[in-house]
Amino acid sequence: MVRSQRWKGAAFTVPFQLGFVFLYLIPIGYAVHESLYRSQSSGLGLGGTTDEFSGLANYHQGLTDPAFLDSVLRVLVFACVQIPVMLLISLLLALFLDALTSRAAGRFRILLLVPYMIPGVVAAIVWINLYSPDVGPLTPLAKAFGLDWNFFAPSMVWPSIGNLLTWHGIGYNMVIIYSALQGVPRELFEAARLDGASESRIALSIKVPYVRGALVLTGMLSIIQMLQIFNEPALFRNVTPQTVSDSFTPIMVIYNQAFNAGNYHYAAALSVLLALILGVASFLFYRLTAKEAD
Amino acid sequence: MALTEERTRTHPVRRINKPDPAARSRGGQRFLLVGLALASAYSLFPVWWLIVAATKDRTALYQSNGLWFSGWHLWTNLHQLFTYENGIFLRWTANSFLYAGVGSLGGTLIALATGYGLARFQFPGRNLVFACVVGSFLVPIALLTLPLYLLFSKIGLVDTPWAMLIPCLINPFSVYLAKVYTEAAIPYELLEAARIDGAGELRIFFSIVLRMMTTGGATVFLLAFVNTWNAFFLPLTVLRGEQNWTLNLGLYNWSGKRLESGVDLTGLVLTGALLSIVPMAVMMIAMRRYWRSGVTLGALK
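Here the protein sequences line up with chains C and W, keeping their order. Read in the working numbering, the first sequence has 39 at position 39, and its numbers run on one by one without any break. Read in the working numbering, the second sequence has 235 at position 235, and its numbers run on one by one without any break.
No lab work stands behind these hints: they were computed from the structure. All the pointers check out, no bait thrown in.
Okay, the calculated bits of chain W under chain C, using three or more residues with CB under 8 angstroms as the criterion: (1) 40-46; (2) 59-70; (3) 274-286.
Backbone N, C-alpha and C fix where the C-beta goes; we use that ideal spot for every residue, glycine too.
Here chain C stands alone, though its shape is the one from the complex (with noise of 0.2 angstroms):
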């Protein structure tokens, strides 16, 4: 390639890496800086404050602070059992879908997607209605059946939202490990059934080995995501405070530290832990993921 062509190419990305140093690595770098300072109020508290350099102490706090554990923790729990009966789900729908003829599949594909198409604030919404005990069909459903079952208490409250993500998540990830089922060359299957292999034997030998991949990455986007669960809880805080603390995930303690109690310093320093404990979990999970599969 031709010198000067090759300048014009990375001339294409620069307005990409302008906008990247501006609205990634300079926000990223500033948040950093921020967690090394800490607001002091200078004399005797009259004077305003000044931001004065104090090292790690902000991470060596985020660290102890048991809001931040707990929240961390919580949605670690969560996560081990809600995405698990998501993904399960999911490749369940898909492996149906699968044994089924094309025009069919299509049909149950389209209505299976249907929650994905909705916006996650309108979802959590549209549960929040149907659990609330006023105007929502469960409470009374329940209630038929002989359940007292109350949505927003406190033992129900990760059940009632690992629903709604279980809901709005099905289809998406059905449709990622359906198309790696199709991937599957179909002589294995025809070879395996000259050999007398049962279809459930065939799914569960040959098609979910193949479809590994699919899962391990629906189920690292997911952890991703939970991580940094956000909405739904602020939207059921919305309607039951009491149950739904304002630090119940660790987002929600960022937030509130920055915007509740203006701490911007030991919230930088805790989206930096975060960040790393993010990037930890990704790691060890496909280290898990990969290991396995040798």
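Starting from the known structure of chain C, fit chain W onto it as the hints suggest.
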């Protein structure tokens, strides 16, 4: 059905390779159909409930069976929604369209240029740029949004439409998709031929590459539009006054009014929620062909 035709056209082999349904037991098929029908019912009933709820007046909303109609008050509800607080809902709708439309259009153009540059040119630092694109997928939104808020407030952008529009211009996932699409759609030979004919690089990009990338470009635009329309954390952080809010932000605020000030806006929230789905549904159905490939491409990440 158009979908199936489309697929058989592009992959003629697949239909033949599909398992022969006659080869499996009827009971098995029935089991699959029942399972899928149940899952579809689970997927659809909340939307059904929302549609029904939007047609009810307050009494019916609280007292009638939620899964069936009781009176027809949709027009009254819409009228109330559009006139509440001097039509603030229309303002939020316009804002959402502005941010998602203009932001995604600019973002898509930048992403296509970047994807093209990354896919079809060798230049020093190319790998570094691509590493930035992929690496940014792991950056949590709080780590970007909080400092962005501080920086924007220093230059007076907080609480203006720019605070939403500027971040939409740079979307690493769009760049990633644009690169993948360029690699698939733009052959090197074509570019060489255009160069030999004396076309400048800019001209090649605007009159050849962009035209050949309509499918890829539409997908990138669609996904960016959906993302911005659905955004919540960024607008919540950088938009303070309700004149600049998005639909999401407005609905969030209304749904909290009941506990905050005792004003029950549930009816308005539900009608508004239904309306805010409409553009998404129209867009996704109209661009079905494109976004399916986009959903699947996401899997390549």
